[in-house]
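J.: Residue-level listing of the chains:
2 protein chains.
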Amino acid sequence: MIQVAVMGHGVVGSGVTEILLKHSEEIKKKVQEEVYIKKILDLRDFPDSPIADRFTKNFDDIINDDEIKIVVEVMGGLNPAYEFVKKCLENGKSVVTSNKELVAAKGAELLKIAEDNNLNFLFEASVGGGIPIIRPLNQCLAANEVLEIDGILNGTTNFILAKMIKDSMSFEDALALAQKKGYAERNPAADVEGHDACRKICILASLAFGKHVYPDSVHTEGITNITLTDVEYASAWGGVIKLIGSVKITDGKEEIIVAPMFVSDECQLSSVDGVFNAILVKGDSTGDVVFYGKGAGKLPTASAVVADVMDCVNHKDTRRNIHWEDGDPSNILPFENTKYAMYVLANAEDPEKAFETANSVFGECLKLSRDNAESSELAFTTPVLSFSDFEKAVSEFEETGAKVVSKIRIAVI
Amino acid sequence: MIQVAVMGHGVVGSGVTEILLKHSEEIKKKVQEEVYIKKILDLRDFPDSPIADRFTKNFDDIINDDEIKIVVEVMGGLNPAYEFVKKCLENGKSVVTSNKELVAAKGAELLKIAEDNNLNFLFEASVGGGIPIIRPLNQCLAANEVLEIDGILNGTTNFILAKMIKDSMSFEDALALAQKKGYAERNPAADVEGHDACRKICILASLAFGKHVYPDSVHTEGITNITLTDVEYASAWGGVIKLIGSVKITDGKEEIIVAPMFVSDECQLSSVDGVFNAILVKGDSTGDVVFYGKGAGKLPTASAVVADVMDCVNHKDTRRNIHWEDGDPSNILPFENTKYAMYVLANAEDPEKAFETANSVFGECLKLSRDNAESSELAFTTPVLSFSDFEKAVSEFEETGAKVVSKIRIAVI
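One line per chain: the protein sequences are A and B, in this order.
In terms of my numbering, the first sequence has 266 at position 129, counting the first letter as 1, and numbering is strictly consecutive.
In terms of my numbering, the second sequence has 207 at position 70, counting the first letter as 1, and numbering is strictly consecutive.
Each hint should be verified, as a subset may be incorrect.
For chains that are exact copies, the list does not tell them apart, and a pair is met inside one copy or across any two.
Unchecked claim - No more than 25 Å apart at the CA atoms, straight line, and that leaves these computed lysine to aspartate or glutamate pairs for DMTMM-like: (1) Lys385 - Glu282; (2) Lys166 - Asp526; (3) Lys385 - Glu536; (4) Lys166 - Glu282.
Bear in mind the hints are in silico, worked out from the structure with no lab data behind them.
For reference, chain A alone in the conformation it holds in the complex (with noise of 0.2 Å):
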């Protein structure tokens, strides 16, 4: 018998709890021995929970029982998971997490702590909730040299994208309608802004190119401006807008971003509808991987978190070999180089003119249209330019009047 504690009885502790106790017998067999929950720390009451007299409000429950061998901390938020986490590590307590936050601000030092110990930190569900990902990207991937990856990392912003491209809504009616099916949460910014997602991206990269990026260092552009005239462009131009994580390697640093892009339809990104997630990884001999599903969800989050605490219990002794370095922002290719092709959408007493002036500061650019434009919109695509040079581009050609109010980036996935 192995015995766990499992720190948080929210949305995806109490499914944690009801996966281990509703299917206890399977993976007793599957990892050939008894997986019991010792504790459940949490500052509330559960009086109806079939093990309420295993919870506990005191972390020193958990810390001085020698007996627990892993905890699942699945609080949330950087304090106190961090110190409790750490703590457990520093006890000879593996540990896994569903925890991005966590994972993204202090990924290096815990599985620095974790080596040292030599216990297992495992956070499979930290990204893309039920899909699995960071192992394979770990293991199956492990011949591979990675490329890239472009990912839809947040299924409320995504949600939001598809009520906006497919039912005609608008911003504030999608994100009205995310917060009633309980998919964002009622200060949204944390999935609007772009944050989740950030700290999503932050730990593919540190895994797949091995140093920590944190958040702070990622460009990070949110939903929030996103139009319906936006939406239509994207149709026109043969897409759909989509928040997109990406990270690659561009003259031997790391480019990487998250913000709404235009994704072609004939990418497999384009088709991810709803709250899903999807993960394209590009390696030099896969080509490219898709990996898709719900990015969150309490059962989806929950049975990842119970599939690492199975992966602990298989290598008691043995560490699941995951590991990056710490890393710092001259590892990242300042945000001004990176280059992207744009869809630019401007307002102009003279579009024709405008349009000729955006030929000439921006290089050959693709107009496009749309029913029922207004009179003095000018909507079109810019070739490849670094994010310096773009930006130079729009005040010569705001200098001639036209103001610009719509810049979205489009993918090269």
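Starting from the known structure of chain A, arrange chain B on it as the hints suggest.
T.: Positioned in the frame of chain A, the structure of chain B alone reads:
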């Protein structure tokens, strides 16, 4: 240093050697040990290989070499691969294979021998080429009950069908193109008759449900009878024709089949193009998870083999927990009891009248139409029927003088 032997220097085998040599430093870093190719078994000479001196034509040079701890089998075919692999496992050597024919025919037996000898028998590359599917299915989804697996498991047939769908090429022309491009063998039977897909769904079913499913107990249909008319009607219905391997639990038994099916445009599998594969796994906790990528080809497949080799190195003294028991046809739902809605294409003197008959013998049918249909042509979809009820209805329908020329299942994915 760990010494390996590679049996077979064909497409995949030469790719394995190439990756092991090219990425030797990264591999060493990842598994903390040098992986050294000691012998390559092939009956042909390769004087230009950088390691020409390590080739042998004699299996004894491998089996009798106690320093060789891992053997890669990439010869393909059942014999002598089966005999060689068995001997390796009996003689203390872990085995990695990409040979789906071998795993589908002898998986349970070889896994048992590996288990008895505390060795690994890994076969990630046998399904989906470079797509990680065996390991995620076994590990990441460990905390799930797998409910169903549906896959596009053969790239050659998917290429042919895609050419028929997108370029209105006939089956014969598309096959000829696939052969020209090297996607199809000169004798394409294993692909176009569905046998290759069948082996792969057998391996996935065995792994997911724990009992070996042998290919000869699986109803298998190929794509040789699919016409452009069928493709047009699939489009009119709202989907595409794909060769699907499917397994799920029905009435406590495994319902398993390989057949061309109508797949709705709404389904993730519908957009899988060209030589790509995709495997959709439904879990009770995860919901739908899809794995997508190149299902064949030298480097994708070889990279999956090398990842397995690295996993063997990481698990020198322990075993990957991968297992299924032997099985027999009594686990399989009799084919007559499988239930599908069907697409039917018929010729009749009076199509209107024939459609009335269809409604009375099949139940309420839905008529399909296409441009430039022959005047004698009638196409419709039936309600969900067991295969035996459907065949009975076809007989009744044909008694009125109509002639059924095509019948294709409608996938429920």
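J.: Could you run down the list of hints and mark each one as holding or not?
T.: Comparing the hints with the structure gives:
1. Lys385 - Glu282: For Lys385 and Glu282, only the intra-copy Cα distance (11 Å) is at most 25 Å; the inter-copy one is 36 Å.
2. Lys166 - Asp526: neither (60 Å within a copy, 40 Å between copies)
3. Lys385 - Glu536: Classified as neither: same-chain Cα gap 35 Å, cross-chain 64 Å, threshold 25 Å.
4. Lys166 - Glu282: Only across copies: Lys166 and Glu282 sit 13 Å apart there, 36 Å inside one copy, limit 25 Å.
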